[in-house]
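Student: Chain residues, written in single-letter form:
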Amino acid sequence: MSERLAVRKTYKLWIGGAFVRSESGRHDRAGDFNIPRASRKDVRDAVAAARKAFGPWSARTAYNRGQILYRAAEALESRASDLGEPREVEQAIDVLLHYAGWTDKIAPVLGGVNPVAAPFLSFSLPEPTGVVGVIAPDAPPLLGLVAEIAPALAAGNTVVAILSDTAPLGGLDLAEALGVSDVPGGVVNLLSGRRSELAPALGAHRDLNAIVDASGDADLGAELDRLASETIKRTRHGAAATTYDEAVADALSRLESVTELKTAWHPIGA
Amino acid sequence: MDVRTSIVWDYAPAPESTDHVRLRDDYGLFIGGEFRAPQDGRREPTINPATEEPIAQIAYAGEADLRAAIDAARAAQPAWAALPGRERAKYLFRIARLIQERARELAVVETMDGGKPLRESRDIDIPLAAAHFFHYAGWADKLSYGVGGRAVAPMGVVGQIVPWNFPLLMAAWKLAPALACGNTAILKPAETTPLTALLLAEICQEAELPPGVVAILPGDGVTGAALVRSEGIDKLAFTGSTAVGRGIQAALAGREVGLTLELGGKSANIVFEDAAIDQAVEGIVNGIFFNQGHVCCAGSRLFIQESVADEVTSKLWDRMGRLRVGDPLDKNTDVGAINSAEQLQRIEALVSAGEQEGAVRRSIACDVPDRGYWFAPTLFTDVSPAHRVAVEEIFGPVVSVLTFRTQAEAIEKANNSRYGLAAGIWTDKGAKAFEVASALQAGVVWQNTYNHFDPTAAFGGYKESGFGREGGPAGLRPYLRVS
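Just so you know, the protein sequences line up as chains E and Y, in that order.
Just so it is clear: in the first sequence, position 36 is 743 by my numbering, and no numbers are missing.
Just so it is clear: in the second sequence, position 147 is 135 by my numbering, and no numbers are missing.
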C-alpha cells in the first residue's frame, strides 16, 4: 500500500478579506513552501482596502470591537498548533486578549473632561488615527507581529502589515486564523515579500496615517521617518516584543501612538 | 350609508417557548464550587409571580452554611488573587461567553422567576450581564490603569446582596468587578428571584472557576443580615432599599469593612417646553414603566414645564393606553407581573395614600390574568410636592406629574428629595441640558434618554440613594485597597 501523499498548502496574501496571489505573479521560497512576493501595487491595494474598512470598523462600538478581538483570540487558540512554536503562540494569544480588553478602556484612561475656566463642557477623547502601516519584526514572527497590530486594532484603526522576509509563515497562518474569525475583511491586511521593496512603498503612501516599525533596522526607520514627513504621518519605532510582558508593559504608549485626541467644547447655560 | 365597522387591531399571543429551559426541582447552596444541601437552612419554593405557581425548591442558607461559604471563600482568595490578571480575565471572559451562549434560557428563567417582560430580559438584562463580565474581564490585567496608576490589592472576601428587580444583571454588576480585582465573593440573591443566580453558579462550574471563588447563597432577610453581621468579610456591597441600607451601615459601624450602597430613588424626569414632545413621551414611558417601575432609578417624579403640561400629560395618557400588560413570557408584553404579593401590597398602599391626599389617579384599563400579581400603569396628576406619591419610592408602575415654570424652579423641585440616584432632562437646547445636569444632585443624569445602562458608565447615587459606583473604572475602586 502506497503512502498517502500530503496535500500541500498554497500561501497567499490577505488583502481586503480575500486570500490572493500577488498581482505581480511573483513568489519566494520559505522552507518547503512557496510564498507570494507582494508588489508595490499590492501595497496600494491593501491600503485602499484598509481605508475602505476603516469607517465601519472605527464606527463599531468599543464593546463590539472587543468582542471581535476576543473571538479572534478564540480562533488563534483553536489553530494554535498551526501557528508556530507553542510558547510563542500562547503569548501571542494572550497579547491579543489583553488588547481586546482595552477597546472600551482607552477612552476613560486617555480621555477626560477639561475643567476649563469658562462655562463650557470641554472634553478630550481619543479616536483612532486611521490606517496604520506595520513593519513586522523577523523574530518572534507571530508574537512580534501581534504585539504591533493588536493595539492598532483595539484603538479602532485598520492595518496593513509587511511581514518578515525571513519568517513570513507565522503571519500568513495568522491571516488564515483571523480569516475564519469575525474580523471584517480589510481591517487587517497581511503582505509577504521583500521588506526593502514594500516598506518604503507603504511608508510613502499618502493615504496612510501612521507607521509602526518593529523591524529594528535603523536605516529603514530613518527612511520611514523621512517618508512620513511628506504627509505628517505618526511614527513609532520599537524593538520587537519578544515576550508577553514586553508586548503589554507599554500598552498605553502603543495605543497612544495610533490615536488622535479630539477636544470638543459645548456651552453650559446661556 | 357607511356600513364598515371599525376594526380593532390587536396582537395575537406570542408566548416564548420554555422547552429549552431545564430547571431542577430543587437547588442547593453553591459553596466551594458545588451545590450542597443546607446544614441548618431550610427549603422554600420560588414562585412565578405571573401564575403564583412554584417553579423550584430553593435552599436558604443558615448560619453554618454561611460559615462554610466564608471559609471556602477565605481559603480560595490568596490563590485567586495570586493568579496573573490575565488568567483571572480568562475566567471572566469564559463566564461572559457562557452567559451569551445560554442567553435564551437565562432570559426565560429570569422572566418566569421575576415577572419582567421577556422582551426586557432578552434584550437588556442578559446581554448587559454578559457585557459586564466582558468589560471587567478586560480590567483584570489593567487594574492600576483604572485607579490613576496607584498600586492595588484586593479587599479579600466580599459579601454581596442583590435585589429582585434585575437579578442576573445585579449579580453581574457585583461579581464581575469583585473577581477581576482578585476578591472572592459570597453573593446572596433576592428571596423572590434566586434562579438565574443559581444558573450563574452552574456557569461558574462550566467555566471551571476555582472552587470557593464564588458562593451563591439564596435566602431571605435573615440570611442577608447574617452575612452583614458575619466576621469573615472584608467588604460588603448592597443594592436594595434605603431602609435596609441604613440598617446595614449602622450594623457595620466601627468595623473595618468596606461598604458600598446602591439604594432607592425618587428620580426626577424633567420635560422642558422646547423638548421634542413625542420623543419625551416615549422617554417618560420607558423611564417609569420599564420593568413595571421596579427600577431604583425610575423616573417616578415627572416635572413638566407648565406651558406644555397639558399636551405632554394628554399624550402620555394616550401612550399609556397602548401599553400591553400581561403574560411576561409573551414577546409583545410591555408591562409584566409585579414581582411579589408583598410588593403589590406596598404599591397599592401608596397609591391609596395618594388618592386620599387628594392627587387625581388614572389607571389604564387592561385585562390581566386571573392569577398572579398585577398593577395597571397609573398616572397621578394634581400632585403636590408634599404628597407621599411625590416623596416616597413606590417601586411600581406609577408616575406622579408635577409642573414648573422656570428652569430654576425645576432644579429646586428636582433636588428637593432625600434621594439622588438619577434624573432625566428633555430639551432640544444642549447648553440648557448641561446647565441643568450640573445643578442636579443625582449620580446619573440622562439627557433626552432614560434608563440607559452600560458597563463602562458609572452608576450610583447621591444623598440617601447610597454611595459607591458600579461600572467603568469607578466600579473597580470599591473592590481594591489602593496605596
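Some clues are possibly wrong.
Once the Cα atoms are required to be at most 20 Å apart in a straight line, the calculated SDA-like pairs of lysine to any residue come out as [claimed, not checked]: (1) K420(Y) <-> S785(E); (2) K78(Y) <-> S785(E); (3) K417(Y) <-> A971(E); (4) K420(Y) <-> A977(E).
Computed list of chain Y residues with no C-beta within reach of chain E, every gap over 10 Å [said to hold, decoys possible]: (5) V(-4); (6) K130; (7) Q237.
These aren't lab readings, by the way, just hints derived from the structure by calculation.
Where a beta carbon is used, it is the ideal one built from N, C-alpha and C, also for glycine.
Student: Does Q237(Y) sit more than 10 Å from chain E, CB to CB?
Tutor: holds (29 Å)
Student: Is it correct that the beta-carbon of K130(Y) has no partner in chain E closer than or equal to 10 Å?
Tutor: violated (6 Å)
Student: Would the pair K420(Y) and S785(E) pass a check requiring their Cα atoms to be no farther apart than 20 Å?
Tutor: violated (53 Å)
Student: Between K417(Y) and A971(E), is the straight-line Cα distance small enough, at 20 Å or below?
Tutor: holds (17 Å)
Student: Within 20 Å, alpha carbon to alpha carbon, are K420(Y) and A977(E)?
Tutor: holds (7 Å)
Student: With 10 Å as the threshold, tell me whether V(-4)(Y) passes as away from chain E on beta-carbon distances.
Tutor: holds (41 Å)
Student: Does the alpha-carbon distance linking K78(Y) and S785(E) stay inside the 20 Å limit?
Tutor: Distance ~15 Å between K78(Y) and S785(E) Cα, so the pair holds.
In the structure shown, a violation is registered for the earlier hints numbered 1, 6, in ascending order.
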